[in-house]
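*Asks:* Read off the chains here:
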Amino acid sequence: MPATEAAIEAREIFKVFGRGAERAVERLKSGATREELRGEGLTAAVIDASFDVRPAEIFVVMGLSGSGKSTLIRAVNGLMEPTSGEMLIGGTDITKVSTKELRAVRREKISMVFQHFALFPHRTVGENAAYGLRVQGVARDERESKATHALELVGLKGWEDSLPGQLSGGMRQRVGLARALAAGTDIMLMDEAFSALDPLIRREMQDQLIELQSQLGKTILFITHDLNEAMRMGDRIAMMRDGRIVQIGSAEQILNDPANDYVAQFVADVDRTRVLTAGSVMEKPAAVLGSEQGPRVAHRLMREHQLDELFVVGRDRTLRGVVLESDIADAVRAGRDTLDGLVRTDFPTVPPDTAVADLFLDAAERDIPLPVVAENQRLLGVIATVTLLNALGSRVADSEGNGSPINGDARLVSAHTGSNGVTA
Amino acid sequence: MSFLDEGIIPQIPIGNWFSDLVDWVQDNLQGLLDLISTVLESLNDWLSTGLNAVPALVMVVILAALAFVLRGWQLTVFTIVGMLVIQSMRYWKDAMDTLALVIVSGSIAMIIAIPLGILAARSGVASKVIKPVMDFMQTLPAFVYLLPALFFFSVGVVPGIIATIIFSMPPGVRLTELGIRQVDSEMVEAGQAFGTAPSSILTRIQIPLAMPTIMAGVNQVIMLALSMVVIAGMVGAGGLGAPIYGAITQLNVGKGFAGGLAVVILAIFLDRLSAGLGDRSAVARASRATARAGR
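For the record, the sequence lines run as chains A and B. For the first sequence, counting from 1, position 61 maps to 44 in the working numbering; every step adds exactly one. For the working numbering, add 2 to where a residue sits in the second sequence, where the first one is 1.
Hints are computed from structural coordinates only; laboratory data are not their basis. Watch out, some of these pointers could steer you wrong.
[Claimed, not checked] Coverage of chain B stretches by chain A, computed from C-beta distances (three or more under 8 Å per stretch; other residues unrestricted):
1. 105 to 116
2. 232 to 242
[To be verified] Sample of chain B residues at the chain A side, in silico, Cβ under 8 Å:
3. Q194
4. F196
5. T198
6. A199
7. L253
8. G280
9. A284
10. S289
11. A291
12. T292
[Stated by the list, open to error] Just a sample of chain A residues kept apart from chain B, beta carbon distances all over 12 Å, derived:
13. S67
14. R89
15. K140
16. Q149
17. L183
18. Q196
19. N211
20. V229
21. S233
22. Q236
23. D252
24. E275
25. D291
26. F330
Heads up, the beta-carbon is just placed ideally off N, CA and C, and yes, glycines get one too.
If we strip away everything but chain B, and leave its shape as in the complex, we get:
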């Protein structure tokens, strides 16, 4: 059919526009980019230096204690064994660097995601705008935005953090929105009926009641951040991504597996730990108490 012919539908140079945009940002917003770069880099350096300053065995004890408090003895045992395995594979420093990167990107992702999620829950228009943006961030192949990130921030940990934030943020927004929308409208009405101010309805009723879902979002953000480790390693972010990426280029199966195993151990630890954090929310505790009462 003729309307599919190239002659009829004009070629739209979307690619050119995008590269023009990247050029424009680079030329005009360099100050802002430098600021972002400095902040992210120093945050990450500060954290990874701090984590590495603690002797490995002491850190194992600290992490195990955290696991015990937030979760229980099973995770404690896993943590001790897992962390010792990482150390025995001589990936300790890389693991701590990755942990720092995940904490920095995950925290920033949630700091952006929670207000966005609240906004989306309160306004149908905001929700309709935010949803496709989140789809875009989650499905656009990481390399596509890694390139401009490299142009903006050059090789190093910063483009790794940026890419990780972009990829890991969407579930944080989505689950925050879902959590708040799921709060029983009668609860909100009860708040209103007693004359509660809108800000207090948000902070005292909606957010606490949505907390289990928001914490599921935190959990997802952390897991997605970890899954970006190798891609971050490719742009020179260091951590466990670097040796794994190196192993891939050298076709070194053993080295690659060892690095991958370290990522998995870290992932399981962080997943269970953040789930344990979610279980400590007031609503989750209340529903457990209720379950014990057998109602």
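Just chain A, with the same shape it has in the complex:
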């Protein structure tokens, strides 16, 4: 991962509510627990939270109610001033600036989407979408055209003159999203933005946000209490519990290598097939055949590795096809020197970011493993049916150095993120 400057950088953020909050922070630093403070009427909402959000990343903070995630997101735009710690937005520590400068940061750099939409009921959809621009002092014509464009992006073209009350919940949140987009800030904070929506609408909105994010490259800090949502949306996820961040990592890292029992218990119920991707469960093929090599080499490799098939790759590791043991055996008996006519290409391939759930049909229909290829057709790995089944059980997380598809697969993970880097 290249060392780019973080869009949001939280450094040891503490937020304590109650009298003598500063002193309470000192005590927390020297080991006092949240419960001890509670006995004295102090509420430690956020304890020692540090994280970076990279530009154009969807960073999810996941925690149950009371875990401090709402307080934490409000510290990012200064709606809630942390008791101690630094919050750097594009390098500026907003805990140190005047209220006037803080308002400027909110106008120009950070917009927010709210759980209950927070649309102004007495203003039209168009006026609501243009609100951020109005605060910025943008002229009417310009803000109207930008608001219209933002509404178009979220699929609400033609609703400008309606009132928010005339819209369904999902549509209202689209207006909330359009308001944040129209403001034109690089950073968007989303506070349980989809939690108040029906499950189906929520799915739709999640997809739309991911789509918009890849189009517009916004940096998104997303708060949720729904683990599945966190896993679906997040490039990286921070798990919060009792005011502390207990783990930060990708969905797969959290799923496969939980930092503690709490996280492990939490992720136990996750639908792994939706979170795990082809890239994270695939295995390095035991052997591959160079396209310039002949049937004899193929025959030897198959015997050595006890394979019924071999994938054929070019010098640049692009996948050319597959040869089967029965064909090779015939060719060797016939004394042929080249692979001409032996390489089959009538099989499906999958990109590494395919969810495991979507692999089953392809895997079940074939008796050869499923090859995982990058956009440039390079062979990244293969997924055998047995690998697929293993991925579903907790054995994936437990097995150490057991030829597990996950362990030691940093190469595959980086290949995965690398390909994302190309598209982003």
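Let chain A serve as the given structure and place chain B on it in line with the hints.
*Replies:* Same frame as chain A, now just chain B:
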């Protein structure tokens, strides 16, 4: 028990202190009192002269038109019939004088009440101070402050206006505070999150969203102002209070009822009209539009 004995709890001369205070104000703030008196009296005279300058029938048409615009045909019919009844009882001039008094006192009451209500909504301390003062103003028997008002401003319309303002202001303050406190905190947060200045949050978000409640306060202020008509009449403020007070002293049942009926007609008219005004606020219109959409 002995600690209830008069010997143990000393007598506190609160009454004396108050009358000393009244004396002191009269002696030292006469200039200020005169200024207040002049302003209120001329405002009231100007308005009542203006209202009476319009021929009664023309005024009926104007009021009916107002009723039609702000409310609808039912109130229009009521206004025409009601105002003609007032005229037929020969209380027209008194009714216009009362209308002027209610408009002047109600407007001043709201001009004071809205900022106080906003202050109370924004500061817990201010709220705690203002609340008992409002209780005091609302429950202290009117005659108690009518007396010092008489000392300060002598007999006439001014003590009537002052008493009316004191009595009618509290719901204006309370409902303004309530309205602003009731505004969804997420709305205010949304304003802040987009970098809105505090003054704009007040004028563009909180006050518009609180408007239906503030208008309910205006309505209450007007109704309470009307209920002070007779007491105002007692100190010589004129209007419908004068003939009613006269009827009471003369035990003239018929005259009293007729005057009372005129007050009621005026009250219903003003109540419906001010409610109609509240319905025209942006929030009220939006919620009606929403109700029509069936969501």
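*Asks:* Now look at each hint and say whether the structure bears it out.
*Replies:* Do the hints match the structure? See the list:
1. 105 to 116: With 0 residues in contact (Cβ-Cβ under 8 Å with chain A), the coverage given for the stretch 105 to 116 of chain B is violated.
2. 232 to 242: Three-residue rule not met by the stretch 232 to 242 of chain B, so violated; n is 0.
3. Q194: B:Q194 check passes; min Cβ-Cβ to chain A is 6 Å, inside 8 Å.
4. F196: holds (5 Å)
5. T198: Holds - the Cβ of B:T198 comes within 8 Å of chain A, reaching about 5 Å at its closest.
6. A199: holds (7 Å)
7. L253: With a minimum Cβ separation of about 54 Å from chain A (threshold 8 Å), the hint on B:L253 is violated.
8. G280: Cβ of B:G280 sits 14 Å from chain A, so the hint is violated.
9. A284: holds (4 Å)
10. S289: Since chain A brings a Cβ to about 7 Å from B:S289, closer than 8 Å, the hint holds.
11. A291: Since the shortest Cβ distance to chain A is 5 Å, the answer is holds.
12. T292: Result: holds, 3 Å to nearest chain A Cβ.
13. S67: Holds, because the least Cβ-Cβ distance between A:S67 and chain B comes to about 22 Å, which exceeds 12 Å.
14. R89: Violated, since 4 Å does not exceed 12 Å.
15. K140: holds (19 Å)
16. Q149: violated (4 Å)
17. L183: holds (18 Å)
18. Q196: Its Cβ never comes within 12 Å of chain B, the nearest being 19 Å, so this holds.
19. N211: Answer for A:N211: holds, closest chain B Cβ roughly 25 Å.
20. V229: At roughly 27 Å from the nearest Cβ of chain B, A:V229 sits farther out than 12 Å, so the non-interface label holds.
21. S233: holds (28 Å)
22. Q236: Label holds. Min Cβ-Cβ 31 Å, cutoff 12 Å.
23. D252: holds (31 Å)
24. E275: holds (62 Å)
25. D291: With a cut-off of 12 Å, A:D291 remains clear of chain B, as the shortest Cβ separation is near 60 Å.
26. F330: holds (52 Å)
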